[in-house]
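**Q** Sequence:
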Amino acid sequence: MAQQVQGVIAPGKNEPVRVETIVIPDPGPGEAVVKVQACGVCHTDLHYKQGGINDDFPFLLGHEAAGIVESVGEGVTDVEPGDFVVLNWRAVCGQCRACLRGRPWYCFDTHNATQRMTLLDGTELSPALGIGAFAEKTLVAAGQCTKVDPEVSPAVAGLLGCGVMAGIGAAINTGQVGRGDSVAVIGCGGVGDAAIAGARLAGAAKIIAVDIDDRKLETAKKMGATHTVNSRSADPVEAIRALTAGNGADVVIEAVGRPETYKQAFYARDLAGTVVLVGVPTPEMQLELPLLDVFGRGGSLKSSWYGDCLPSRDFPMLIDLHQQGRLDLGAFVTETIGLGDIEQAFARMHEGDVLRSVVVF
1 MAQQVQGVIA PGKNEPVRVE TIVIPDPGPG EAVVKVQACG VCHTDLHYKQ GGINDDFPFL
61 LGHEAAGIVE SVGEGVTDVE PGDFVVLNWR AVCGQCRACL RGRPWYCFDT HNATQRMTLL
121 DGTELSPALG IGAFAEKTLV AAGQCTKVDP EVSPAVAGLL GCGVMAGIGA AINTGQVGRG
181 DSVAVIGCGG VGDAAIAGAR LAGAAKIIAV DIDDRKLETA KKMGATHTVN SRSADPVEAI
241 RALTAGNGAD VVIEAVGRPE TYKQAFYARD LAGTVVLVGV PTPEMQLELP LLDVFGRGGS
301 LKSSWYGDCL PSRDFPMLID LHQQGRLDLG AFVTETIGLG DIEQAFARMH EGDVLRSVVV
361 F
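Count the sequence shown with the working numbering and you get residues 1 to 361, in order.
No wet-lab data here; the hints were simulated from the structure. Predicted, not measured: the structure shown is a model, and the values here were computed from it. Certain hints may be false.
[Stated by the list, open to error] Simulated restraints, written as ranges between beta carbons of each label pair:
#  : residue 1 : residue 2 : range
1  : Glu351    : Gly203    : 29 to 37 Å
2  : Met1      : Asp214    : 47 to 55 Å
3  : Asp213    : Gly75     : 18 to 26 Å
4  : Ser153    : Gly203    : 26 to 34 Å
5  : Asp353    : Ser300    : 30 to 38 Å
6  : Leu271    : Gly82     : 50 to 58 Å
7  : Ala2      : Asp293    : 25 to 33 Å
8  : Asn247    : Asp26     : 56 to 64 Å
9  : Asp235    : Pro16     : 36 to 44 Å
10 : Glu151    : Met1      : 51 to 59 Å
11 : Gly75     : Arg101    : 21 to 29 Å
12 : Gly330    : Ala98     : 31 to 39 Å
[Unchecked claim] Listed next, the in silico DSSO-like pairs over lysine-lysine satisfying Cα-Cα at most 30 Å (straight line):
#  : residue 1 : residue 2
13 : Lys216    : Lys206
14 : Lys216    : Lys263
15 : Lys222    : Lys302
C-beta atoms are modelled at their ideal positions from N, C-alpha and C, and glycine is treated no differently.
Just need the whole structure built from these sequences, with the hints factored in.
**A** In structure tokens form, the structure reads like this:
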């Protein structure tokens, strides 16, 4: 029988979010209903509200979540009711050319639940990143549920569902940071700080944090940055080169998603170095670079999709590192809030006061 729960929707472009009654259908084949315990407020949710992703309003926001599987549909064998799971937005298909080549983290046919959640009047909702977890319960594809140790706090575990995984994976998986490497991270929000934490995990010798906010730079040092650069007062390219014997960093991770910061990343890397774009641009942004410079500097220019993660591999590993005291996931949680506080959390995000606000049910 369909259930009615409370959830947060974005009704239209730049309109205030509001709490509405959401109808959750019973899970169909390959689907699961998850009782959400915690969900982080991610910048991508704000992008949805602003119309920066698409205009398929109304959106059911929230996607950085952990909870308990309540029920599953026909054919589901990987999870069962009672499992504690982190939700992911790239449920791999296992059949596309990337999966069949043994690269499922690049899956080209990731999927979501087939059925749609609705408002009481039958209006279909578009769940953010196929999840929609600013709700007491949500309907997802069973492959979006990744089992992890139930001893970990849901407020901490859920962050792996998006921003923290994106940043750590950008360093470890996409950038392939190695022991002794120099790394620069441009943009020290939640994703950038996670990239810093990932570079530290990988054994980078020098980690340079770049931002325009001294408060964020202080937090970056707590996450593992060895040096900081305020790009309001210093040229970040020259500063990074000065900190790397004039060469530039081995890996530069751009966690802002703007053409001007991408150019900084491009010129701040060493010859044959790597640039990783993990910041999410908006559709109208354009990038211009001299093609001769692209050729002459060599190396790799990469985009990081979800930290190029494989949730079934990476989520449990990172939870283990957290429980061993080697990765402080709790440091990313600035505050816990209620379902009705999300509009205020977006405002605090703009002000730079938080790494993550986390809705706790």
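**Q** It remains to establish, for every hint, whether it holds in the given structure.
**A** Against the structure, the hints come out as follows:
Look at Glu351 against Gly203: about 34 Å separates their beta carbons, and that is inside 29 to 37 Å. Range check, Met1 to Asp214: Cβ separation about 54 Å, and the 47 to 55 Å hint holds. For the hinted restraint 18 to 26 Å between Asp213 and Gly75, the CB-CB distance of approximately 49 Å leaves it violated. At roughly 27 Å, the beta carbons of Ser153 and Gly203 sit within the given window of 26 to 34 Å.
Separation of Asp353 from Ser300 is about 35 Å and conforms to the stated range, judged on CB atoms against 30 to 38 Å. At about 54 Å, the beta-carbon gap between Leu271 and Gly82 stays in the expected band of 50 to 58 Å. The hint said 25 to 33 Å for the Cβ distance between Ala2 and Asp293, and at roughly 57 Å that hint is violated. Take Asn247 and Asp26: their Cβ atoms lie about 59 Å apart, and the range 56 to 64 Å holds.
The supplied range of 36 to 44 Å is met by Asp235 and Pro16, whose beta-carbon atoms lie about 39 Å from each other. With their beta carbons about 32 Å apart, Glu151 and Met1 fall outside the hinted range of 51 to 59 Å. Separated by about 25 Å at the C-beta atoms, Gly75 and Arg101 satisfy the suggested range of 21 to 29 Å. Separation of Gly330 from Ala98 is about 34 Å and conforms to the stated range, judged on CB atoms against 31 to 39 Å.
Simply put, Lys216 and Lys206 have alpha-carbon atoms about 18 Å apart, close enough for the 30 Å limit, and the pair holds. About 21 Å separates the Cα atoms of Lys216 and Lys263, which keeps this hinted pair within 30 Å; it holds. At most 30 Å may separate the alpha-carbon atoms for a hinted pair to count; Lys222 and Lys302 meet this at roughly 27 Å.
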